[in-house]
Amino acid sequence: MIIELKDDPTAFRAAIRDWVAETVPSDWADVAERGTEDEAIEYQRWWFGELAKQGLSVPHWPSAYGGADLDLAGQMLVADEMARAGAPTLNVYVVTLNHLPGTLIPCGNEAQRARYLPAASRGTVWCQGFSEPGAGSDLAALRCRAVRDGDHYVINGQKIWSSMSRFAEHCILLVRTDPDAAKHAGISFLIMDMDSPGLEIRKIEQMDGQADFSELFLTDVRIPVENLVGAENDGWRVAQATLASERGVLAFEAAERRRHMMADYYRKAVDDGAAWLEDDELRREFMTLLADLQASRRLIRNLLEDHQNGEAHASTAMASARIKLFQTGLIQKIGNLVARIEGVEGQRWQPFHAQRRFVGMFDYLHSFAWTISGGTNEIMRNVIAERGLGLPRG
Amino acid sequence: MDVELAEVQDSIAAVLAEECQSLAVHGFIDGRDPLDQRLLRLAAELGWLAIAIPEDQGGLGLGAAGLAMLHFELGRAAAPGQLLETSIALEVMARSEAARDERIARLLADVLAGKTTLAIAAEPARAAGDRLVLLGSRDAAAALVAGDNDDLVLVDLSSAGAESIAVWDETRSLVAIDPARAPALAVLAGARPLFEALFAIALAADSAGAARGTLDRTVAYMKEREQFGRPIGSFQALKHRAADHLVAAIAAEQLVWQAVDNAARADRGSVVWAAMAKANGSDAAVRIAGDCVQLHGGVGFTREYDPQLFLKRVRLNETLLAPNGELRDRAERAFGEALRSGQDVLEIAS
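Chains as they are written, first to last, in the numbering used here: chain C, 1 to 394; chain L, 1 to 350.
Source of the hints: derived by calculation from the structure; they are not laboratory data.
Treat the hints with care, since some could be wrong.
Claimed, not checked - The following label-pair restraints were derived from C-beta to C-beta distances:
hint, chain 1, residue 1, chain 2, residue 2, range
1, L, Leu5, C, Pro9, 23 to 31 Å
2, C, Arg393, L, Arg287, 43 to 51 Å
3, L, Gly31, C, Lys268, 57 to 65 Å
4, L, Ser22, C, Glu378, 49 to 57 Å
5, L, Ala14, C, Lys53, 51 to 59 Å
6, C, Arg143, L, Ala220, 39 to 47 Å
7, L, Arg225, C, Gln240, 33 to 41 Å
8, C, Glu281, L, Arg138, 24 to 32 Å
Using N, Cα and C, we set each Cβ at its ideal position, and we do this for glycine too.
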């Protein structure tokens, strides 16, 4: 297994590079783009399985649960190699890889960790049931109701914006167990199997042609009490751990991928003699965004370095908010530019792409998923202004 | 940034917090306080002018990183004077063969001692004709201007009859000379790429610092100023703009450091990142400084308050060296050449 080389960075890097080149077909992105979104998800499952064989699926997890205790520098090395190779992305595993351990390791019990984490390290897919139609930015307003019935909770309610839940085996779910308590005090955190009777999953057709998100309708869904994470009515605290779970390496990899895509896009334009290179406005805007991307890559590196040096959580959380705001705005600007560069040709409908190259209109439309989800950019501005700059709350 | 550099930057910031407060800067622009002269003396005493120069030539040996942090702090304080042009010219001259000439060495010593200042071409790429605009004061001893190809020429200003140009930014000065009246003292062969890179980095750093300076003061004002019975900083329509400006200012600062990392290599990456740091940084600073005037409301429109100082300063920065569109074109050409030759200028040293 490649992970066994982790203590020798040079050999580790070389082994990953060679293995990816051998394992991933060079035309994987083109093939993926000719298929459906569901086929692309199958591709991700295959890729996750291949990574698992080399110990590279969850190297950042503790070894007790299927990981390899890989430190941050090692994680960045792996992410950097995946970005350089343009290897398949693992969008369907975002909750599995980050939120799940980020929750169960600090807040779950040993039985839950032993039951779910090793299986997840081999590829079970997890999703998150947090937002509701009436609880978006104001998450604590959630109303999905859980009533204790013997050794089960009985759940009735609705969840929305649950990403990749059509493909998931388990869901981390926030429910209201005490409707009379103050809004943050009556929430509990549960684990739900996605094949539970009474659960209906309805995909949400997105404006970018994809259907990553679904709505969940829960009617008398029974969840065993042993699936409670943390104490009853202490779910808000557990959810804070979930939401704070470390995604810095994810942001790092995404930015590194974008860096290679920018260079590839420019190189191809030169090779093709693309007209936009002669257009002062477009060419200069490309350089502006290339430099903004460089700045954001440096900010992410600084954040990870602070993590490594054990910087206080409050300061790294602020840096994360600033990076989220800057980075997602930049993704939108790049999509916007590429859409204009591509002109009428770029208006050709393309509902899915493999994030291996820029597809202007798709990237532009999809970018709103970034500026709206994960705490809208307006929430980020509040956080930065109030907690970062010390401006008074409104 | 390493610890030693951070300590030097803190010490510069501490001196400026003491010596270059808002009141002093206003005293200077109103002609009541020769703050520029005090800062020049301090800069000479504390080694700021020689911050980049190698230690064996009497400097602090901090290179482009030293220049960047010095000018970030000077920009943040809207510090008046000729420190930007003088420090760049000194560094370029110190690295040149010309520094071995006895007359030039004497001039450098006088400048390092704070006895006189140097000027530089405001737009080195612009053809001079019979009128050349310099960034610098009327009493500058000499100026670095463009020569043939990649050369620079150090010209004597003692009988050039430099004529002051009254500019909006009252914290710095421009002069015009007739090049025919400014005889060459020395030719600095091949020095222009280094000169333009350091000029760009200093402008980028000054702009990033100014953006941060005006933003910090604006945020402080937004906490104090009340309307409708509450601090205006509590209004989302205003605080969201402050958050955006903070993020843009921090990104601009990162580009300064990217340019610094590349400066020592004097390769295409150095051209790309110096040009982009100045282009993106001064653009961002102009947007931020303009909105800081707006966020102040009526007092932002007065001469008495600080936002105007920073806005005018960064608008001058924006025009210096070369227009930002042209800098982006230069960066794009260098980026393309680097890609063709297999050099990856996007790599970030760990």
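Against the structure, the hints:
{"no.": "1", "hint": "L:Leu5 with C:Pro9: 23 to 31 Å", "verdict": "holds (27 Å)"}
{"no.": "2", "hint": "C:Arg393 with L:Arg287: 43 to 51 Å", "verdict": "violated (26 Å)"}
{"no.": "3", "hint": "L:Gly31 with C:Lys268: 57 to 65 Å", "verdict": "holds (58 Å)"}
{"no.": "4", "hint": "L:Ser22 with C:Glu378: 49 to 57 Å", "verdict": "violated (33 Å)"}
{"no.": "5", "hint": "L:Ala14 with C:Lys53: 51 to 59 Å", "verdict": "holds (57 Å)"}
{"no.": "6", "hint": "C:Arg143 with L:Ala220: 39 to 47 Å", "verdict": "holds (41 Å)"}
{"no.": "7", "hint": "L:Arg225 with C:Gln240: 33 to 41 Å", "verdict": "holds (34 Å)"}
{"no.": "8", "hint": "C:Glu281 with L:Arg138: 24 to 32 Å", "verdict": "violated (40 Å)"}
The structure does not agree with the numbered hints 2, 4 and 8 stated previously, though it agrees with the rest.
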